[in-house]
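Peer 1: Place chain B on chain A using the hints.
The lines below spell out each chain.
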Amino acid sequence: MTFKNFSESFYSLLNLNFGLLKFSRLNLTLIILALFFCIPVVIVCGSLFFPAKDIWVHLIDTVLTDYIFNSLALLIGVGFFSLLLGVIPAWLVTMYQFPMSRYLEWAILLPMSMPAYIIAYSYTGTFDAAGPVQTIMRELTGWEYNDYWFPEIRSLGGAIAMLSLVLYPYVYLLARASFIEQSICVLEVSRTLGCNAIDAFRRVALPLARPAIIVGLSLVLMETLADYGTVQYFGVSAFTTGIFRTWFGMDNSLVAAQLSAILLLFVVVFLYLERRSRKQLAFHHTSNRYSPLLKQKLKSSSAFFAFVICFAPLLFGFILPASFLGEWAISTYSEALDIDFYILLLNSLSLAFVTALLALVIALFLVYMNRNSHLFINRFLVRFISLGYAIPGTVIAVGVLIPFAWFDNRLDEFLTLHFNFSSGLLISGTLFILIFAYLVRFLAVSINTVEAALEKIKLEMDEVAKTAGMSHVSIMRRIHMPIMRGSLLTALLLVFVDVLKELPATLILRPFNFNTLAVRTFELANEERLAEAAVPALAIVIAGIIPVIMISNSISRSRPGYE
Amino acid sequence: MKKTLTIIIFLIFQQLPNAAEVNVYSARKETLIKPLLDQFTRDTGIRVNLITGKADIFIKRLEIEGENTPADILLTIDAARLVRAKEKGLFQEVISDALNKVIPNYFRDIDNHWFGLSLRSRVIVFAPDRVNKEELIDYLDLANSKWKGRICVRSSSNIYNQSLVASLIAHHGINKIEIWASRLVENFARPSKGGDRDQIKAVAIGVCDIALVNNYYLAGMLESSQEYETYAAKKVKLFWPDQNGHGAHVNISGAGVTKYAKNKEEAIQLLEYLVTDKAQQWYSDINYEYAVNPEIKNTAILGIWGVFKSDDLNLSLLGRYNRDAVLLMDRVGWK
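Chains as they are written, first to last, in my numbering: chain A, 1098 to 1660; chain B, 121 to 455.
Pulled out of the complex, with its shape left as it was, chain A reads as follows:
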């Protein structure tokens, strides 16, 4: 039997069984693809079915309350500040003109290129009690450490601030993209109906942008839950610190996985509630009339306030920390910039690029699978894959390692038995599983971005095209792609920047003799050699800036009628 025959009979068998459900061959292929990416999350959740009573009793008696309280506080705090720092500037730069607004439009995104653990190191190094700022303050005033009050960087509040400062760009990005795409007519109509500028924002623009803002917010919250570097460094006992403490300190990877699974429950409940609350609402654009956005020019004091509101997050999330790093780097760059450094740079960039491209292609397939079919399983799988974003990279990495090592070992057994040849660990030690792990973790980003874009194209449009005799492929190519181009680029670049910053999975799954900028930064910073860590850290930030600016430009251009 040839492979083709075999696969056809395989599919027809399934078609027979599920014929009523209209399983197409393509759909089945996609479902199998999707299942593939679900494996690590399933492994994590599967842990819930194994009992581990004594450790749980210990955790509940001692530290669990702390973990839950701190994680919730982080979620609420980071969620709140990301909305504040993301939505309002997005609205201001879209609708108004004020000093520097053209530059701020993209510059507000820059903190996105800053990994959370790096901003944490840089603020601590500068503002901590032993850092230069407080030292100079003590020298000038003659005060001792206990004589004055200074905000403690390494605290729960500090962790909220650090995470908010580097994560708000997700909200800004999606909010702005949504504001830009809104038809000005809707807003004008609201104004003729008696809304003032604030009402128009609050009652029309904001609700219309809600799906996009929520997508941004959920990315922020998931990233917050998965963060380990910052909370660990700040001594905040959050869920992730608990996961690793249980795993390493108590040598219990089962309970560690169970804690991760519970973390996921948080996310699932949040996403479910959010989706339910807007189930009855539709967010397609009701008007297709676009006139150029005429930005209103703000006058003196309001212009100043608008500038401050937009500049502050940029200042604290990027300019300050980057200049602290820059100052450290001055004293160490001559030693750091050797040939090894360029290899690190090349490794980081190529990993990020390949992953971003793959993530985009896979996301497109999955999102289309959802659009063209109403099967529960499709929708469920796509949601399930998105959960990967909320799982700490270390847990994902192990969840990836387990099935691949299993496969490798079975393959090796098989080959040894039948061909007297050992393949060893064929896949486990290669870049392939590292990229796979990245995909499991970051597919959520590309899926959400592509989905948000596609959701806005009304299904009626597809139907009209179909009656005009267009095939699925040509609808996709000639109608959807031009409309979604900006969003697709955004999806690509978001994953690119995320991979550039990614640390834990890289640390675990990279092959022998292979390092990245993030790994080098971490190793030095972890040894508390901040000055030496500054050069690779700065390189990550700089490498991230270019894609971030490209994202911003693509969004500006995405508005119909943009010149």
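Keep in mind the hints are simulated off the structure, nothing from the lab.
We treat Cβ as the ideally placed atom computed from N, Cα and C, and that holds for glycine.
Mixed in with the good hints there might be a few duds.
Chain B stretches covered by chain A per the calculated footprint, using a threshold of three residues with CB under 8 Å from any CB of chain A [as the list claims (entries may be wrong)]:
#1 146-160
#2 171-183
#3 187-195
#4 313-319
#5 325-335
#6 340-352
Peer 2: Here is chain B on its own, set in the frame of chain A:
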């Protein structure tokens, strides 16, 4: 048919005829081991392939990978992890006169599964302007109420603290140490945060008066090219705890050959290389650790600090009591 397939598969998986090599999973950071490995390659022609990361992850990885693991050596920065790897059956016995001759028996495994390569001690640093040296005694004394609000120490998630507490449990029993730990936590100047260098800086500027740190961090700061580090380091002094009792707590960085090592000979050669005088001197000169070889002379700062009495507790006990230590620290609220 089968023959053709065999040839095809052989071609796909064909490994190029390799020069001798050895694969290392290392919990020591790259900058703190690679120079030695490079020197080994230059001296012997054996190529070393390296991945750095966390010991716990490597242990998990070795378990998952099983017989086909590519790793020949697991290198850690703590005895407890070596013990754990041994208990999980990840190491094999290594018979080597060179290793046994140089390494004192209390710094290697009784069954020759792992070997200590360098030593570090967990010491007390203090601010001489606020603490009289005579007030300092040993680890147990840190629970004394005279230290209330004066002690800095990093998180109990850190392996160095876990091993210190494990050693105390081994000496004094779990009940006594639980009471000790709960009083110690009451004496903290602030909730645990940061690394060991952070604690030293905190003492220097007066956040606290004493701190528990590994000795090489203080040495590294004194020798640092960064002025703010040397400035802080010079403001504190080192105290060797428990010199009239068990001695200062010491831990090792060490390594073992994995059970399924494919390059066992090269692996043993590398271990033996790491205890040569040249390599041992490197540990002391570059990272300010103590050589496991007692013959090696300490230079610079280690020389100035002089000889101290170290705890000769069987290091396997650090592994045995690791879990108890973590649970205990959870109970007393040591974050």
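Peer 1: State whether the coverage of the segment 187-195 of chain B by chain A holds or is violated, taking the criterion as 3 or more residues with Cβ-Cβ distances under 8 Å.
Peer 2: Per the Cβ count (4), the hint holds.
Peer 1: Mind checking, does the segment 340-352 of chain B have 3 or more residues with a CB under 8 Å from chain A?
Peer 2: Held - the segment 340-352 of chain B has 4 residues with a Cβ nearer than 8 Å to chain A, which meets the minimum of three.
Peer 1: Does the segment 313-319 of chain B contain three or more residues whose Cβ lies closer than 8 Å to a Cβ of chain A?
Peer 2: holds (count 6)
Peer 1: Within the segment 146-160 of chain B, is the number of residues with a Cβ closer than 8 Å to a Cβ of chain A three or more?
Peer 2: Contact hint for the segment 146-160 of chain B vs chain A: holds, 4 residues under 8 Å.
Peer 1: Between the segment 325-335 of chain B and chain A, are there enough contacts, at least three residues with CB-CB distance under 8 Å, for the coverage claim to hold?
Peer 2: holds (count 3)
Peer 1: Does the segment 171-183 of chain B contain three or more residues whose Cβ lies closer than 8 Å to a Cβ of chain A?
Peer 2: The restraint on the segment 171-183 of chain B holds, since 8 of its residues have a Cβ under 8 Å from chain A and three suffice.
In summary, this structure violates none of the numbered hints.
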